[in-house]
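Asks: Here's the letter readout for the chains.
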Amino acid sequence: METIPLQQETEDYSFLPLIHDIIKWCETFDVLRMDKDSPDVHQELNKLKTKIQETREQILAMPGIETNLEQQQQQLQTLTEQVHTKNQLLHKYKGLCMFDIPKA
Amino acid sequence: MRSARSDANMAASEKSTKERLLSTLDDLEVLSRELIEMLALSRSQKPPQSGEDNQVLELLVQRDGEFQQLMLQAVEQGRLQQEMLGLDKELEKRDSDIQQLQKQLKEAEHILATAVYQAKEKLKSIEKARKGSISSEEIIKYAHRISASNAVCAPLNWVPGDPRRPYPTDLEMRSGMLGQMNNPSNNGNVNGHLPGDALAAGRLPDILTSQYLWQSTDVSMGMLPPHHGNEFGPGHNKENEDDVEAMSTDTSSSSSDSD
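Here the protein sequences come in this chain order: E and F. In case it helps, our numbering puts the first sequence at residues 1 to 104. In case it helps, our numbering puts the second sequence at residues 1 to 259.
These are calculated hints, taken from the structure and not from any lab test. In this text, all values refer to a predicted model and were calculated from it rather than measured experimentally. Certain hints may be false.
Lysine-lysine pairs mimicking DSSO-like chemistry, simulated, CA-CA at most 30 angstroms apart [said to hold, decoys possible]: (1) F:K18 - E:K92; (2) E:K86 - F:K128; (3) E:K47 - F:K18; (4) F:K15 - F:K122; (5) E:K86 - F:K141; (6) F:K89 - F:K106; (7) F:K122 - F:K106; (8) F:K128 - F:K18; (9) F:K124 - E:K86; (10) E:K86 - F:K122; (11) E:K92 - E:K51; (12) E:K94 - F:K103; (13) F:K122 - F:K93; (14) E:K86 - E:K51; (15) F:K141 - E:K92; (16) F:K120 - F:K103; (17) F:K120 - F:K106; (18) F:K93 - E:K94; (19) F:K141 - F:K120; (20) E:K49 - E:K24; (21) F:K131 - E:K94; (22) E:K49 - F:K18; (23) F:K128 - F:K141; (24) F:K103 - F:K89; (25) F:K106 - E:K94; (26) F:K128 - E:K92; (27) E:K51 - F:K15; (28) E:K49 - F:K15; (29) E:K92 - F:K106; (30) F:K93 - F:K103; (31) F:K103 - E:K51; (32) F:K103 - F:K128; (33) F:K106 - F:K131; (34) F:K131 - F:K120; (35) F:K141 - F:K131; (36) F:K122 - F:K103.
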């Protein structure tokens with residue numbers, strides 16, 4: 001079940017299907033009419049161009065990829081340790097009571 | 001060869017994911033364009049050049065695979081980024097809690113320091129009082145002595161109109177050293193002596209003895225010389241009152257204004 005969404009994701013990011021369609025179109029085209037200036041070819045080419053541009057914009061908008069994975073994991077670990085340390089400090093200071101306060 | 005590859009890998013790993021994605025995408029664009037152009041040329045030209053096509057195709061497939069892996073990694077990094085944002089918010093909250101605690105601790109320290117200081121001062125005062133302690137009887141006796149002359153409270157029988165005053169009047173001042181300095185006729189009698197001393201020595205004129213009867217008749221013996229203690233008995237009061245009344249009629253006297 002987990003592999004299916006993964007495959008779908010990889011297919012979304014792959015350009016091979018579009019390139020395959022263009023190549024296929026070129027081959028069939030050539031066999032039938034020897035005319036490479038058909039609007040359908042340009043349409044397929046535009047599709048590819050558009051997809052590349054959209055993917056580029058998507059990459060620029062994606063958060064958290066300014067560093068590589070290892071650095072990010074290190075930052076995450078550092079943050080986790082800081083949170084843990086501060087939690088311990090707070091727990092220690094809030095529980096620190098040296099005086100016997102009589103309950104009213 | 002291996003070192004070159006490892007260097008390339010190192011360089012690739014140091015680059016951010018965004019840079020690698022954009023670079024791979026650019027490669028894909030270039031390769032796909034090249035492949036399409038080669039295909040278009042190969043159709044127009046008679047001998048097909050499949051070797052170069054295959055190479056470009058293989059590179060394209062490889063780059064596409066890399067690109068997909070990088071996109072998956074980018075998605076994972078996006079998820080980690082969300083987690084890090086959550087941790088950042090928690091850290092901010094913890095920081096503000098710590099700052100709040102710090103403020104409260106400083107306040108408590110200040111209050112405690114003030115309290116300790118005040119307590120130490122009080123202990124010092126207590127110690128000082130203990131060292132110079134006086135019995136209550138002595139204090140009461142002293143209080144009686146200083147209030148015997150009616151300087152702190154009017155006599156019980158004092159009424160408005162009574163010329164008696166708790167301070168020296170004009171006549172008393174004039175009969176003193178400074179007053180006698182301007183009056184050469186009396187210099188021989190009281191020169192160099194205070195009225196009190198002259199009174200004690202029995203040299204002061206009788207008219208002036210009445211000036212001191214603004215003091216209470218029940219003055220304690222400790223205030224006056226012992227052998228003159230009876231001179232201010234009740235029998236002298238009427239004369240003194242007359243003299244005081246005479247004194248009070250003196251319009252030049254500013255201190256005898258009766259109410």
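Asks: Give a verdict on every hint.
Replies: Right, here's what the structure says about each hint:
1. Straight-line distance between C-alpha atoms of K18 of chain F and K92 of chain E comes to about 42 angstroms, which puts the hinted pair past the 30 angstroms bound.
2. For the hint linking K86 of chain E to K128 of chain F, the alpha-carbon distance of about 50 angstroms lies beyond 30 angstroms, and the restraint is violated.
3. Between the alpha carbons of K47 of chain E and K18 of chain F the distance comes to roughly 23 angstroms, so the proposed pair stays at or under 30 angstroms and holds.
4. For the hint pairing K15 of chain F with K122 of chain F, the CA-to-CA distance comes to about 71 angstroms; that exceeds 30 angstroms, so the pair is violated.
5. This hinted pair does not check out: K86 of chain E and K141 of chain F have alpha carbons roughly 70 angstroms apart, beyond 30 angstroms.
6. At roughly 26 angstroms between alpha-carbon atoms, K89 of chain F and K106 of chain F fall within 30 angstroms of each other, so this suggested pair holds.
7. Simply put, K122 of chain F and K106 of chain F have alpha-carbon atoms about 24 angstroms apart, close enough for the 30 angstroms limit, and the pair holds.
8. For the suggested pair K128 of chain F and K18 of chain F, the alpha carbons sit about 80 angstroms apart, so the restraint of at most 30 angstroms is broken.
9. Simply put, K124 of chain F and K86 of chain E have alpha-carbon atoms about 44 angstroms apart, too far for the 30 angstroms limit, and the pair is violated.
10. For the hint pairing K86 of chain E with K122 of chain F, the CA-to-CA distance comes to about 42 angstroms; that exceeds 30 angstroms, so the pair is violated.
11. Between the alpha carbons of K92 of chain E and K51 of chain E the distance comes to roughly 56 angstroms, so the proposed pair goes past 30 angstroms and is violated.
12. With a C-alpha separation of about 13 angstroms, the suggested pair K94 of chain E and K103 of chain F falls inside the 30 angstroms cut-off, and the hint holds.
13. A threshold of 30 angstroms between alpha carbons decides the hint, and for K122 of chain F with K93 of chain F the separation of about 43 angstroms lies outside it, so the pair is violated.
14. Proximity of K86 of chain E to K51 of chain E is assessed by CA-CA distance (about 47 angstroms); at most 30 angstroms being required, the pair is judged violated.
15. At roughly 63 angstroms between alpha-carbon atoms, K141 of chain F and K92 of chain E are farther apart than 30 angstroms, so this suggested pair is violated.
16. Restraint check for K120 of chain F and K103 of chain F: the C-alpha separation of about 26 angstroms stays at or below 30 angstroms, so the hint holds.
17. Proposed proximity of K120 of chain F and K106 of chain F is supported: the alpha carbons are some 21 angstroms apart, at most 30 angstroms.
18. Distance restraint check for K93 of chain F and K94 of chain E: the Cα-Cα separation of roughly 15 angstroms lies within the 30 angstroms cut-off, and the hinted pair is therefore satisfied.
19. This hinted pair does not check out: K141 of chain F and K120 of chain F have alpha carbons roughly 33 angstroms apart, beyond 30 angstroms.
20. Pair hint K49 of chain E plus K24 of chain E holds up; C-alpha atoms about 17 angstroms apart against a cutoff of 30 angstroms.
21. Taking the CA atoms of K131 of chain F and K94 of chain E, the gap is about 46 angstroms. The hint is violated against a cut of 30 angstroms.
22. Only pairs whose Cα atoms come within 30 angstroms are accepted, and K49 of chain E paired with K18 of chain F is accepted, the gap being roughly 20 angstroms.
23. Distance restraint check for K128 of chain F and K141 of chain F: the Cα-Cα separation of roughly 23 angstroms lies within the 30 angstroms cut-off, and the hinted pair is therefore satisfied.
24. Restraint check for K103 of chain F and K89 of chain F: the C-alpha separation of about 21 angstroms stays at or below 30 angstroms, so the hint holds.
25. Between the alpha carbons of K106 of chain F and K94 of chain E the distance comes to roughly 15 angstroms, so the proposed pair stays at or under 30 angstroms and holds.
26. Our distance criterion of 30 angstroms between C-alpha atoms is broken by K128 of chain F and K92 of chain E, whose separation comes to about 44 angstroms.
27. For the hint pairing K51 of chain E with K15 of chain F, the CA-to-CA distance comes to about 24 angstroms; that is within 30 angstroms, so the pair holds.
28. Our distance criterion of 30 angstroms between C-alpha atoms is met by K49 of chain E and K15 of chain F, whose separation comes to about 26 angstroms.
29. The suggested pairing of K92 of chain E with K106 of chain F holds, with an alpha-carbon distance near 17 angstroms, which does not exceed 30 angstroms.
30. At roughly 15 angstroms between alpha-carbon atoms, K93 of chain F and K103 of chain F fall within 30 angstroms of each other, so this suggested pair holds.
31. The suggested pairing of K103 of chain F with K51 of chain E is violated, with an alpha-carbon distance near 57 angstroms, which exceeds 30 angstroms.
32. Distance hint between K103 of chain F and K128 of chain F is unfulfilled; the C-alpha atoms sit about 38 angstroms from each other, more than 30 angstroms.
33. Between K106 of chain F and K131 of chain F the CA atoms are separated by roughly 37 angstroms; this puts the pair beyond 30 angstroms, and the hint is violated.
34. At most 30 angstroms may separate the alpha-carbon atoms for a hinted pair to count; K131 of chain F and K120 of chain F meet this at roughly 17 angstroms.
35. Proposed proximity of K141 of chain F and K131 of chain F is supported: the alpha carbons are some 21 angstroms apart, at most 30 angstroms.
36. Our distance criterion of 30 angstroms between C-alpha atoms is met by K122 of chain F and K103 of chain F, whose separation comes to about 29 angstroms.
Hint violations for this structure: numbers 1, 2, 4, 5, 8, 9, 10, 11, 13, 14, 15, 19, 21, 26, 31, 32, 33, all remaining hints satisfied.
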